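As they're listed, the protein sequences go chains U and S. Mapping of the first sequence onto our numbering: position 37 corresponds to residue 37, and the numbering continues sequentially without gaps. Mapping of the second sequence onto our numbering: position 173 corresponds to residue 716, and the numbering continues sequentially without gaps.
It is possible that some hints are incorrect.
What the hints assert, rightly or not - Computed footprint of chain U on chain S, listed as stretches where at least three residues anywhere in the stretch have a Cβ under 8 angstroms from a Cβ of chain U:
#1 548 to 556
#2 613 to 627
#3 641 to 653
#4 684 to 692
#5 701 to 712
#6 728 to 734
Derived by calculation from the structure, the hints in this document are not laboratory data. Please read these numbers as outputs of a predicted model, since none were measured by experiment. Here a beta-carbon is modelled for each residue, glycine too, at the ideal position from N, C-alpha and C.
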Amino acid sequence: MQNNNDYVTHNCDHFDGHRYSHLNNRKYEDEADICIVGTGAAGGVLAYELSKAGFKVVAIEAGPFWNPQTDFASDELVAQSLAWQDTRLSTGENPLTFGHNNSGRGVGGGTVHFTGVFLRFHESDFKTKTLDGVGEDWPITYQDLEPYYNKIERDIAVSGPKHFPWGNFHGPYPYPERVPISANAQVFREGCEKLGIPSVVAPLAIISAPFDGRPPCINRGFCNQGCMPNSKFSTLVHHIPKAIDNGAEVLSDCMVTRINVDKQGKASGVTFVHDNKEYRQNAKLVILAAFAVETPRLLLHSACPQFPDGLANSSGLVGKYMMPHTGHDMYAKFDQEVRLYKGTPVLATSQEFYETDKSRGFARGYTLHAHGSRPVEMAQGLAKSAGIWGKDLYEIMRDYNYYGRITQVGEVLPDINNNLSLGQEIDEYGMPKPVVSFSYGENDRKLIDHGVKKANEILQAAGGKPAFTVPDTAHLLGGARMGKDPTQFVVNEFCRSHDISNLYICDASVFVTSGGGNPTETIMAIAARTAEHIVEQANTQQY
Amino acid sequence: MQDIRTRYPGYDILKEQKEWDPHTREIVLKRLGPFPKPKFLQENEVQMLKIIANHLVFDNRSQIMDWIIHHIDQSLTSNIGEGQRAPKAPPAKDLIRWGLQAIDKVATIKYKAVFLGLDEKQQFGILAALQNGKAEDVPEWAKVPQKELFKKLAAEIVSAYYSHPTVWSEIGYGGPAYPRGYVRVERWLTDPWEAKRDAKQ
Ligand SMILES: Cc1cc2nc3c(=O)[nH]c(=O)nc-3n(C[C@H](O)[C@H](O)[C@H](O)COP(=O)(O)OP(=O)(O)OC[C@H]3O[C@@H](n4cnc5c(N)ncnc54)[C@H](O)[C@@H]3O)c2cc1C
Ligand code: SF4
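Use the sequences and the hints to build the structure in full.
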């Protein structure tokens, strides 16, 4: 059974001005209308929208309810605790790095330590099969999501350029773009300009002026360690407190271990563990928003006599078609100090290589970001992934301040062999540890080569000397993809599972393709759309 | 040697500590020691890890090595997961314990002495072989994938080393930045307190 390993002790039950360190006064102990598993990017939006619509909402979160002022620190090592650190078994030709690199744990989920780059998908992302003969088409189009992109950007006051040159949306963003930009971002833009590559100040879920009681960014640069002034959006500081105001109950430090199903084959609620003790939360509707690893893991682990292969898995595709983004980091050395530690990590970006260009010899594309770095991340990447250590590492790091960096966020095509399964090892909750297997395909490798080359050209044009490439990945998507055909997809276009009508899956796992940019705005837009759909359905239908 | 170690001889990040939030300050100052006796690591393991750390980060200052050991010991004592692991590798505790034993075995077979008894070049050679999964074949490697061992050692040692305030000062890193933040982030600009190359000691 589970021990409470959190280094901070927090209240675990939160509603309407009430905070308890025990579960004896639960607001919706008997039954809730809606139980949401996970309070990250998607879970936060769902809890907020559904509680606003008047539902009795309980959101259950495995990790703590963070207090940014006392729990966060300006330190890379300690900020590892914001991550989902439970061991995930990682295999394949290109095993993924989980932990801090991959996902969050605690109220806010991944948004607590994400970089805040906030991009929409392009129209082409939703129909790669039709357009390029690769991947798969989504059951929705850009136009279906557009109103929700608009809404999310307004709701959290995304800052960005007046004109965004790529995709369908060309700005302006609700809040003005960030000024000034960091030296690394200037270097990037200068290199781009010399080569005739358009670039912009990155659209960010970070405010450039006061908003909703939060102050603008102070360029501290520790976005991946959790924002202490609350300038960066997270569902921890935005959606969840508002959901609580709307009447929702949040149970934190509560790990959901099973989705329960009644005799009729409907979801009846969940089982969760808090401080070694098992509890239940009954609900009329269950929504899984536990991220692309824990969501498929829970579905598979909740197998029962009615659903021996796991819930929502009649297609056999739960846990299949998992996609990270390519995340290679290209470093170059400059004659003058760039100081990668200063300012918001990503302040400039280009999507010039986003769309398919047949002449390049591969399908789809990528985004390039000017991307700051701190010493631990840089040195660890060099030692672990680039094989540079000892005197070489020391000499590079002595000149840490002279390096600039560009990171590629590139599309990885869906492949059924990149998958999640339940392993032999059992964790402290009695659940099998997830095994995630990942290998790049040929198209992915060509896309990486192209991006590495382009990034180095930009760095060189800006006066840098390309120095080394650290292979990396970012994000994770898929494992419960959406689509119309129940034999080929796990959920429908509104994230309702094909097999169980009152079980929704709404988070990074429903992605059909990865797109060539950071995914969270799309995750949140999908969540807002799903919430609206649930509200509409509730008026006409019993769950 | 100071001028070789750093381009910023006049910069001491600890002078800025009053500008840091209390939580961060407490965390960083603890890295200066003194440290409790290791809970998981045994004396021989401590000595071996210090030598391995010397090679990996090209430094042997005992204060910093003590912090690295403390950090490794803490992460091996804790029940918190390790993020990810190759299915063929054992959990970190075993990986490191068995891995150090295997390294000693390799040293004994190759040079008829334990790892700590080898000269620097020989030690370096074993670590370099480990990185490529090419160390002398001993049965111990069946349980301990060499590359995974190297990656784990590299990750733990390097991340602790570059979290030490002395090293931050040397590389001219700005360090903790809350609540102050940065005013001058653009190219060639620095806030008055940041590391400057030409600053006098
Ligand atoms: C270092 C880093 C930088 C990033 N930068 C960007 C960026 O700049 N732009 C961008 O668009 N994206 C970025 N991302 C990605 C972004 O964080 C994710 O895409 C997003 O958070 C995923 O949303 P989600 O709702 O699917 O899951 P999450 O936000 O991960 O939320 C899932 C939540 O569910 C909880 N949970 C899981 N299992 C259980 C369980 N069994 N019981 C109870 N609770 C559970 C988790 O603790 C977590 O809080 C970054 C990610 C990382 C790690
Ligand atoms: S750079 Fe800005 S948004 Fe990021 S952590 Fe610092 S203050 Fe917050």
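Hint numbers contradicted by this structure: When the structure is compared with the hints, numbers 3, 4 turn out to be violated.
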